[in-house]
Amino acid sequence: MIKPLISISEAGPGDAGRTGSWRVMRPILDTAVCIPSKRGKEACFTCWLYCPDGVISRTVPPTIDLEYCKGCGICAEECPAKAIKMVTESGEED
Amino acid sequence: MDIIESGNNAAALGVLRAKAQVIAAYPITPQTPLTEKLSEFVAAGEMQAEYIPVESEHSAMAVCIAASSTGARAFTATSANGLLYMHEQVCWAAGARLPLVMCVVNRGLGAPWTVWNDHQDSMTQRDTGWIQLYCNDHQQIIDTTIKAFHLAETVSIPVMVCFDGYLLSHTYMPFDLPEQDVVDEFLPSFKPAVYLDPKKPVSLNTVTMPESRLNIHGQQAGGYMEIRNSFQQDLRASLDCWQATDERYQKLTGRGGNPFIESYRTDDADTVAVALGSLSYQLRDVIDSLRAEGLKVGVASLGIYRPFPDDAVRQAFKNVKRLLVFEKALSLGYEGPLCTDLRAALSLMDKAPVIGNRIVGLGGREIETEQLAENLRQFCRADKPATAPSWIGLRDLGA
Amino acid sequence: MSTSILNLPTEEYIYPGNRACTGCGLGIAYRIGLKAFGPDTILVVPPSCLTVLQGLYPIAATKLPCLNVVFASTAAAATGVSAALRAMGREKTNVLAWAGDGGTSDIGIQALSGAAERGENIVYICYDNEAYMNTGVQRSGTTPKGALTTTTPIVGKLQQKKDVPSIMAAHGLSYVASCSAAYPLDLYDKLIKAQSLPGTKYIHIHTPCPSGWGFDSSQTVKLGKLAVESGMVELYEIENGYFRLTGASAQLSNTKDLVPVSEYIKRQSRFRALPAAELEAMQDTVNQRWREIAPCVETA
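Protein chains in written order, with the numbering used here: chain X, 762 to 855; chain U, 25 to 423; chain S, 975 to 1274.
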């Protein structure tokens, strides 16, 4: 029985490499303002919901995986507490 | 068990015996009775299969590709324009290395419309990577269909079983229907090497780069070209696998033994006629007549056309001085495709035979045995026989 | 009973570092949508942005078995998966087709209609970013009138957006839903409901695309919400023929509640060539439509 060589892909991160390198702006989360962080328990998690790449952890506080974060800014835009700010990769605020 | 049935029903019975699990087909003349018979088997509970009345041939092959990828034994059948409609998928199934079986009930291609027999339809698919087998009579239709599943699943390459529309599909002849337990022993249940399994999730046939890339284990996984190369190698290896499949079937049924070439009175022949399908049996009458006239002639047919059995062909014709290739197809703009392949394979011999080409029976044009005989007779006797293709049976339309 | 963010399953089925654009609306819909199905699912994906998001051989971004298929065949392939599962006694496994708007409303519509007519037990999701985005923004059947694309480059598309959910509803399906990537919880609930119903279930997801529509990647959700709040996109379900608005659309009971269409249109550079008269016509169409559907908020 011949076992064919076929195009078969296994799941893993980084198919496009380190997509963090795509960023022009990076998100910075302020734990003093972040709702679950302030309450010390699971709450809100709007940033986790809307991240298209799933790089925000559903933790208290949420953390952002900068290896893969593309810097879209949706989390900063949607955070109800305005706890996330987008700063340029060189550190200046937007 | 001896029965009398049509060629289409012989194929359907082969699929029944082979216990296909998913059947998807779209009606097209002259395949239609084949798919009707299968839907009858399923509806009557004689066959435990899913029968999907798809809305096009392209979808028929889509269902088969997906079903086979999920782990089920899948089958479809078509003809002519239906085969062309699914061409994209025919190529896909081969590249995906799926062990599908498809019966092609040979019919000519439009335009203009024809529903009658020639081989142009399966010939257009000869470069797709499917294994192509041709049947000469009803017994071969059922036997080859069953063997096709075994071969396909051994090499993970889809197999096309071709037989003449109307001449075989719609005529009734006696043949042996092998018993279910014999076929069960010949063909174990389908066990794919790779299939869609939520317990071991993989993505099949996604975009594949020109260059080799590393997989998640850090190993070189190859790119498109490695996959194609591997496919080509496996296709060539499938010639031996076809012979082994044929031998296995012969042990169980007593039938077979000519996986590559079936010959009639060729042992001492100077000139051999070559053809595919039922035409090769019609040519036996020609051979008998010409032998009675003292001409040392024989006829041979190829049971497998792709992969091309070039070693077997050189072996079979090593002592032959002339070959006349009768074809129901044309590589338009050049010559008959079988003729081209034979010329190429035999050119590697020290003393290659002189090869002539006759185009016959296109669009179901009646093939008169006497015309075949006259052509072969003249070819034997000519000093320098013409090698360019000429046509038999064209009507003179006047000025 | 609508699911909240905190009640969503936490398991993720996609890996980061994939090739989707920055701020991709499909990323949101796909990530949250898959949570509704779980690991016992087989995906069928034709050429589309999702093919690229999923990854190039030999790495896949999705932790589910996935069959990549040719463009016209999505629903037929899903049929084949479903048939094989039945033949093998594994009917419990979800069969989920996920195609773009081109692969659904144009080249894939024949196979989709065939599968729906046969009542194949599949969930078919069309994520509608309103053009052939994967190949560089060519117009599709669902491109809105007036939108600039690379094949409607100067005056924009002349024809109306094809209403695929209505076409699918005409097949008498048990479930047809219109959703938005900007409302992933509404989407999630509809996908949960769809799985419990028989035959073919059709889900249409309006999917904002920053690259193709011309807006900043941070605005994907905002823009998706504006589309719904202006009434241009309706969140609804048609369950066994019964039409009902859901979520944010159900709250727009009065045309006075609608945000002006211009608020949605002006934020996308693909509509920069839209004449004022056409914008007016758009507003009139939306108003007329909402006069009809605003009362449709009760369950059957």
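Simulated from the structure, these hints should not be mistaken for lab results. Since the model is a prediction, treat every value here as computed from it, not as a measurement. One or more hints might be untrue.
[To be verified] Label pairs and their in silico Cβ distance ranges:
1. Val794/X / Cys1270/S: 53 to 63 Å
2. Met233/U / Gln1112/S: 56 to 66 Å
3. Pro77/U / Lys1066/S: 23 to 33 Å
4. Pro77/U / Gln1262/S: 55 to 65 Å
5. Met249/U / Ser1140/S: 58 to 68 Å
6. Pro234/U / Tyr1216/S: 28 to 38 Å
7. Thr1124/S / Ser254/U: 34 to 44 Å
8. Met233/U / Asp1190/S: 45 to 55 Å
9. Met249/U / Cys1270/S: 49 to 59 Å
10. Tyr1216/S / Pro77/U: 53 to 63 Å
[Unchecked claim] Beyond 12 Å from chain U on every Cβ pair, some chain X residues (computed):
11. Ile763
12. Lys764
13. Pro765
14. Glu771
15. Pro774
16. Gly775
17. Asp776
18. Arg787
19. Gly801
20. Trp809
21. Ser818
22. Arg819
23. Thr824
24. Asp826
25. Pro841
26. Ser851
Note that beta-carbon positions come from the ideal geometry of N, C-alpha and C, so glycine has one too.
Outcome of the hint check:
1. Val794/X / Cys1270/S: 53 to 63 Å: violated (40 Å)
2. Met233/U / Gln1112/S: 56 to 66 Å: Because 24 Å falls outside the window, the suggested range is violated.
3. Pro77/U / Lys1066/S: 23 to 33 Å: holds (25 Å)
4. Pro77/U / Gln1262/S: 55 to 65 Å: violated (41 Å)
5. Met249/U / Ser1140/S: 58 to 68 Å: Given a distance of about 46 Å, which is not inside 58 to 68 Å, the answer is violated.
6. Pro234/U / Tyr1216/S: 28 to 38 Å: This hint is violated: roughly 52 Å between Cβ atoms.
7. Thr1124/S / Ser254/U: 34 to 44 Å: Given range 34 to 44 Å: holds, Cβ gap about 38 Å.
8. Met233/U / Asp1190/S: 45 to 55 Å: violated (31 Å)
9. Met249/U / Cys1270/S: 49 to 59 Å: Because 56 Å falls inside the window, the suggested range holds.
10. Tyr1216/S / Pro77/U: 53 to 63 Å: This hint is violated: roughly 29 Å between Cβ atoms.
11. Ile763: With a cut-off of 12 Å, Ile763/X comes too close to chain U, as the shortest Cβ separation is near 5 Å.
12. Lys764: violated (5 Å)
13. Pro765: violated (4 Å)
14. Glu771: Incorrect as stated: the minimum Cβ-Cβ distance to chain U is 5 Å, not above 12 Å.
15. Pro774: For Pro774/X, whose nearest Cβ neighbour in chain U is about 9 Å away, the distance does not exceed 12 Å, so it is violated.
16. Gly775: violated (9 Å)
17. Asp776: At roughly 9 Å from the nearest Cβ of chain U, Asp776/X sits no farther out than 12 Å, so the non-interface label is violated.
18. Arg787: Arg787/X clear of chain U: closest Cβ-Cβ about 27 Å, beyond 12 Å.
19. Gly801: Consistent with the label, Gly801/X stays out of reach of chain U, its closest Cβ about 37 Å off (over 12 Å).
20. Trp809: holds (23 Å)
21. Ser818: holds (21 Å)
22. Arg819: The claim stands: Arg819/X keeps its Cβ more than 12 Å from every Cβ of chain U (closest is about 22 Å).
23. Thr824: holds (24 Å)
24. Asp826: holds (17 Å)
25. Pro841: Holds: least Cβ distance 35 Å, greater than 12 Å.
26. Ser851: holds (32 Å)
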